Amino acid sequence: MAPYLILFGAFVVLPVVLGGWMSLHRWDYTLPNKPFVGLENYFQLFDPTSSSSQVFWGAMGATGIFTAGSVPLLLVLPLAVALLMRRTFPGRNLMRAIYFAPYVLGVAVVAVLWRFLLDNNIGVVNHMLGVIGLPDDTAWTTSVPAAWVTLIGVTVWWTLGFNAVIYLAALQDIPAELYEAARVDGASGWQQFLNVTLPGLRPIFAFIVVITLIASANMFGQSYLMTQGGPGRETRTAIYQITETGLRGFRMGEASAMSYVLTAILLLASAIVFLILREKKGSHR
Amino acid sequence: MTATSFRASTPEKASRAGARHQRSRGSRVGAILRASVLIVIALAYISPLVFMVLTSFKTQADATAIPPSFLPENFTLQAYEEIFAAAGGAPVLRWFANSLLAASAHAILVVAVSTLAAYPLARMEFRGRGIVMGTIVVTLLVPPTILIIPSFLVVSELGWLNTLWAIIIPTAAGAFGVFFMRQFFVSLPRELEDAAAIDGANRWQIFTRIILPLAKPALATLAMLAFLTNWNDFLWPVYVLFSPELQTLPAGLATLQSSNAVRYDLLMAGATIASVPVLVLFVFLQRFIIEGVARSGVKG
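Line order of the protein sequences matches chains L and B. Mapping of the first sequence onto the numbering used here: position 58 corresponds to residue 58, and the numbering continues sequentially without gaps. Mapping of the second sequence onto the numbering used here: position 291 corresponds to residue 291, and the numbering continues sequentially without gaps.
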């Protein structure tokens, strides 16, 4: 027990406390003096005229666009895949493995690969679009909104299998008797989906929403590798901005304040998701 | 989704119509048809990965030729020879060794500390157990975002910046491993331990001789998940490793990509090398990996 608690204290508890402490100072890693400035870092972030607030909320906006675009797709498409794979058929395990395979690769491999496929000039994607008569000169990584399509599409391709596997396990936990009963009552396939499948998934649904939300809100590698946050700063996400401010610019006090604000917003969003989904469950019964 | 659920229900309707024989043959043909459509879609899904591997065997010119060819026209190992010779300041073999060492050490560490922490939390009564468990569960909900900047400082104070210690140790404090193993230990029948206790075994003997052997599949699953996570980790190595020869593979790939003239043949070879170990692990142990993920979801 002790070894874990030492690690836990040093690399979880201490950093959380230290981050709060740093956010109250003008904490430059490279300077000997780290004067206490109270809540100044936070005031800066909420002062619309300060440059750091413009940079930070710009990055938060980018995170917002990415999250709003990716989360719904990552809730619906994996469910569709899981429903297709629920019944046993020859090759089912192979298929499950194929959809999951991109997820075992890291973001670096996935992003480097897609940057190549989506290259403006020599990329396969533009070539194939040209072959079927669509515009073949889209700048997938250097113009908006195409860069958003790229970041969201690649993320969905990469992580779809993860959510699908969780859905699939939950689907298999729904008792078969419920479907039999529904059929006896004359429920159609669609009615069975609405009245048996969806309620059966409700316990797992809040969990999937929250982990997908947190994962999307923490998007970094795709943007860092495929768009370099560009064009301009359009696709520079909050985490990207926090690490650039804190670990490249070494203004760690400011960056800590940013991560506290981002974390607070994420915790709030997670709490809201749990509350909404719990309420629905109650009203349904 | 609508179409699927609907189609799934048609065989039952047919059976109500009474044509039993026809139904089983019809549904078998239908099932085969459906499976083949699904497998074609699945193959298209995975084709970018196949293309990556094929491109790594192309010449520099063929890799960026227009129109692109799927198969290498002039099969060559040139890209691999170049990156193994560390062309352009990219010691890929060294990165591979760094990643392998870090991910293996990390996996062992996670399994060891998580197991030792999870068993008492699952089975022993002691003061503060509720507080410890509560704290661990709370941190499962805290986004990792908040840790990055201060962890950098902690690692810097320990003198671990630009060393593999920074990659191996801090992330082993994550709560997932403890939670995962605790779930497993809780699910074991208590009678086993009671019987051993009656036979005079002490706690440690029960743990090492009864519990651990039973836990082998769970330990293996956790080790693999920890290995995969660490092997693929990107953000943290990018910021805590500075020297070119100390990079892990993902961080190294980023430097390879940002070099002035992007060599896509080299990049695809590097990406293939970064993928092979995890894909091999996955192909042989996919059941454990997928079930590990599914279970963490369902019970988490």
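Bear in mind the hints are in silico, worked out from the structure with no lab data behind them. Note that the structure is predicted; figures quoted are calculated from it, not measured. Possibly wrong hints are sitting among the right ones.
[Claimed, not checked] Here are some, though not all, of the chain L residues that point toward chain B, as calculated from beta-carbon distances under 7 angstroms:
#1 Tyr4
#2 Gly19
#3 Leu129
Built from N, CA and C at the ideal position, the CB exists for glycine as well.
Hint by hint, which ones does the structure fall short of? 3
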